[in-house]
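So the protein sequences, as listed, match chains A and B.
Counting in my numbering, the first sequence runs from 424 upward without gaps.
Counting in my numbering, the second sequence runs from 54 upward without gaps.
Some hints here could point you the wrong way.
[Claimed, not checked] Simulated coverage check for chain B against chain A, where a stretch passes if three residues somewhere in it have a Cβ under 8 Å from a Cβ of chain A:
id : region
1  : 97-110
2  : 165-176
3  : 321-334
[To be verified] With a cut-off of at most 25 Å between alpha-carbon atoms, the simulated PhoX-like pairs for lysine-lysine come out as follows:
id : chain 1 : residue 1 : chain 2 : residue 2
4  : A       : K573      : B       : K101
5  : B       : K101      : A       : K864
6  : B       : K89       : B       : K173
7  : A       : K554      : A       : K573
8  : A       : K454      : A       : K554
9  : B       : K103      : A       : K618
10 : B       : K89       : A       : K554
11 : A       : K573      : B       : K173
12 : B       : K103      : B       : K89
13 : A       : K612      : A       : K573
14 : A       : K554      : A       : K612
15 : B       : K89       : B       : K101
Hint data in this document are derived by calculation from the structure and do not stem from the laboratory.
The structure displayed is predicted, hence computed values, not measured ones.
Glycine residues also receive a C-beta, built at the ideal position from the N, C-alpha and C atoms.
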Amino acid sequence: MSALIDARRVSKRFLLQHGTSAELKVRVMDKLLRRRTWTEEFWALRNISLRIGPGEGLGLVGRNGSGKSTLLKLIAGLHRPTSGELLVRADLRFGTMIELGVGFHGELTGRENVFLNASLYGLSRDANAEKYPAIVEYAGLSHFMDVPLKAYSSGMQMRLGFAVAATLDPDVLLIDEVFAVGDQDFQVKCIDTLKQFQSRGGTLLFVSHAPSAVRALCDRVCVLDRGELAFDGATDDGLNFYERLVASGLTPTDADEASGSPGALVAGQRADPTAPLTDEDLGRAWHRLRHGLGWAARGEWAADLLRREGLQPEQFVLDLGCGSLGLGRLLLPYLAQSRYWGFEQDRDLLFDGIAIELTRADIDPVKGHFIVNRTFDLSECPHRFSWVMASSLFSRLPLHSVVRCLANVLPALEPGGRCYFTLYEGPVTDDVRREDGLLTKADGEPYHHDPNVLTAVVASLGGVMQRVETSPHPRGESVFAITPD
Amino acid sequence: MQCTVLSDAVAPPVYLDRTTEHPTLRGTWRAVLHYKELLRSLVARDLKLKYRGSALGFLWSLLNPLVMLVVYTVAFTVFLQRGGEQFVFLLLLGLLGWTFFATSMAAATGSLVDNAALTKSLYFPRAILPLASVFFNLAQFLLTASVFLPLLMIYYGIMPSWALLTFPVLLALQALCVSGLALTLAALTALFRDVRHLVEVGLGILFWMTPIVYTLGDIPPRVANVIAYTPVSPFIRGYQAIVIHQSVPPAEVWVAAVVYAVVCMALGARVFARIERRLGELL
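Pulled out of the complex, with its shape left as it was, chain B reads as follows:
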């Protein structure tokens, strides 16, 4: 009997082999959760740094969409004589959804390469870096939306309804989609530095393939069928339906949003895990 007790007491220690250990999805997820304070700190750092020392501070992040809003409104309603009644509101929601996507992509792309000094001397889950860029831009989205949406709803006399509750759900799906793509692009940039430039060009094209400065009704139906399902479209259409029409978006929007969220996240997790083990040498 005593023998069993002894062998229990000195159970052989568990070892990891650094040569073969492979980051599993579950392990990575756990590590990211363990390092959530780092994620929060990085987002807080970027927010602080963005406005510290500037006279207008936080107002800048409102001024930027405001200027875009004015420029596009003047261009489309005054110069081109287009745009319907609620053009400004449609445009705002389009710009919000687009800016979250585009700025996250641009920031995440360089997140690993630009922080090589950190990754060379400290161990932490590398996925934190691209995720921090996404969360920073999500915070920007929320700050801007919380100021502009109520203002415009009052201006247009829109009464809030229960449909608004689906807004955070759709936003969460977009955040998943953006995170997945951010992980993919950050990892690929470590492999090919050109990805950064490709992303810039890609975003320029994608902007016009997304119903932001126009609506699906303004374009020929055959084109609209394609435009409706480009990566940012379902989300923007959803936001517009929820906020302007105070109605739950149609099923095809939800299906597209869920598909994008799942596919992008799966892609991101896959690509990142493949490249993470080689990051030490690539950066």
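Same shape as in the complex, but just chain A:
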């Protein structure tokens, strides 16, 4: 079967002009005064090769700024590729839903807006009149068609916009996250409509962050990461790949950049790097996203658990896999001098945690101690610990690393001390689809582990492992406690 769309090493470069503007005066003055202007290249897409056949449902996923919308716009002909070949069958009719209700005008009635909007999609007057009843019925707004659009709720406007686009019936439909804002019913209806479109043989290119929608509509997923095609294959595998990509935060090159000056990456992503960090900035910062969402919630959960179990300020605590100090920032003010010990394998992550999070909370890092190595070597610490907390650490460690970790931790526990850890449960034979859609693996990140295996390991190391049911983990991991025998 010949492809409808055939991309061969397609790249797209945007030129960002610095120190100049679209104003003629400024450009002339720049030339006269020989002022420095420079152009920064930004490659939104690099070497994308992709063939899309008739009737395919292709999901494009990727983080913000990964280039998925740009790819859609290249195919739609809104932007021009910089290099490569992007072959599109000449006889194709494209339908684009990049923004719904664009061109809607509040002063015009619903009816007038429908006609205007449909003509934007290239429909003739007759075709407009023919489709109009179907559009009104689909939107379910027959009583509102003579009312100015400004009286509509935003949900009603969305419905009308989607109704126009949905009744066009093109060969290829390009959709960019358009119904992410609608309510549940609306989304269900949209997906139904798109399924019908597919059953008529239509080809669908679907940019989305919603795994459920991608799963419902796509038999193939392409994951874009910073302009490159990182994955192209079956839907489940693609979504898993994407989850791991998000869970692992940024790839090493970015972490390397960040290590040069702690916080550089956070600052660099913001419009005004000198402004104080807001919560929103931090929500996007790599050190908080490195191990997935819920940075604050996971830290608070662990602190609550320890305090409920009887943590005292004079006791020694080991924060195992302390990361960017989601727990450390809560424990450090509470504990006495030198009682907090943080262990982390990822130096950059810890340094950014210290530089950003502790500074922000006005905590002197000298109040605690930090150990960084890859081997869980805790011999630096002259004391034994009353409490060890390893929250969400084992979901990124394979079993042999977990064993090594436990083997180092158990001797560091004082008699009567406790080590808490959390993990995803699962058999060593199969991968497991979690309730929230995450797929954990017996032999790949994110890992799950068999508690029976670990119980035996802990026993052989001279400890007792027990399940803790009282405090459900924010990410749905199981909680266990180890005490020395």
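With chain A held as given, fit chain B onto it using these hints.
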């Protein structure tokens, strides 16, 4: 034999390459024709929006030229003691031709930049946007003319003749000239936002270089030779000849009008095609 049949049946599909495809004049023209409903809708939208919700509605578009007419007439005939017998009628035709030109230029200049939201998310021939501004103003011209021209012809006792049939031809030529310039200016504004201000200044100067509040006979012949061929002059002179004198305009008016129409359209098509491929990034 069967083999030939088969290969006919599965003729290789034709592909466009988005990297190299270039809008040809013919392709653009076809696309504009295909989207003529959009052109009509946009013009209808602007007409509706202009008068919706105002008490006087359509009367406003008559009131505006009427006020201009009164102001200039008072200024020139009462204050300056100038202006001939048919000053009001000459002035009206001058203002009609000028307003069509000037308001189209002003509206078309921002038509691409102001509609960036549309062009960023939908594919349609971009030329529709400046053309819609021209057609909107053409509609205004026709509405105003259809009310004022008969009234003044009755007032001055002018009998309609066959010469009136050349009026739509001249108007079509002006519409071509205006469309060409509208395409040029809309595209250039995407490149340099200053064009908008340059157009404002340019229109202010051009108004006085066009025989609207004066006739060519009122000014020294050497100057008149230049003024007669500024972009709007031939059209206005033509309208005045056709309606007031009920005679077909002289040959030099037609030549100038055709030259302006052809040159402006060629320029517009050229400039627009050059910039259209980059619009995605410029807007």
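Checklist entry - Is it true that the CA of K103(B) sits at most 25 Å from the CA of K89(B)? => result Holds, at about 21 Å.
Checklist entry - Are there three or more residues in the region 165-176 of chain B whose C-beta lies within less than 8 Å of some C-beta in chain A? => result Coverage by chain A holds for the region 165-176 of chain B (7 residues, Cβ < 8 Å).
Checklist entry - Taken at face value, is the distance from the CA of K101(B) to the CA of K573(A) at most 25 Å? => result holds (15 Å)
Item to check | Holds or violated: K612(A) to K573(A), with C-alpha atoms at most 25 Å apart | outcome: holds (24 Å)
Checklist entry - Are the Cα atoms of K554(A) and K612(A) separated by 25 Å or less? => result Between K554(A) and K612(A) the Cα gap is close to 19 Å, so the pair holds against 25 Å.
Checklist entry - Do the alpha carbons of K573(A) and K173(B) lie within 25 Å of each other, as the hint requires? => result holds (23 Å)
Checklist entry - Is K454(A) within 25 Å of K554(A), Cα to Cα? => result Outside the cut-off at roughly 55 Å; violated.
Checklist entry - Taking 25 Å as the top limit, are the C-alpha atoms of K101(B) and K864(A) close enough? => result violated (62 Å)
Next on the checklist: Checking one constraint from the list: CA of K89(B) to CA of K173(B), max 25 Å. Satisfied?
Outcome noted: holds (20 Å)
Item to check | Outcome, coverage of the region 321-334 of chain B by chain A - at least 3 residues whose beta-carbon is closer than 8 Å to one in that chain | outcome: With 4 residues closer than 8 Å to chain A, the region 321-334 of chain B meets the three-residue bar; holds.
Checklist entry - Under the criterion that the straight-line Cα-Cα distance not exceed 25 Å, is the pair K89(B), K554(A) satisfied? => result Holds, at roughly 18 Å.
Checklist entry - Is the straight-line distance between the alpha-carbon of K89(B) and that of K101(B) 25 Å or less? => result holds (18 Å)
In this structure, the earlier hints numbered 5, 8 and 9 are contradicted, and the remaining ones agree with it.
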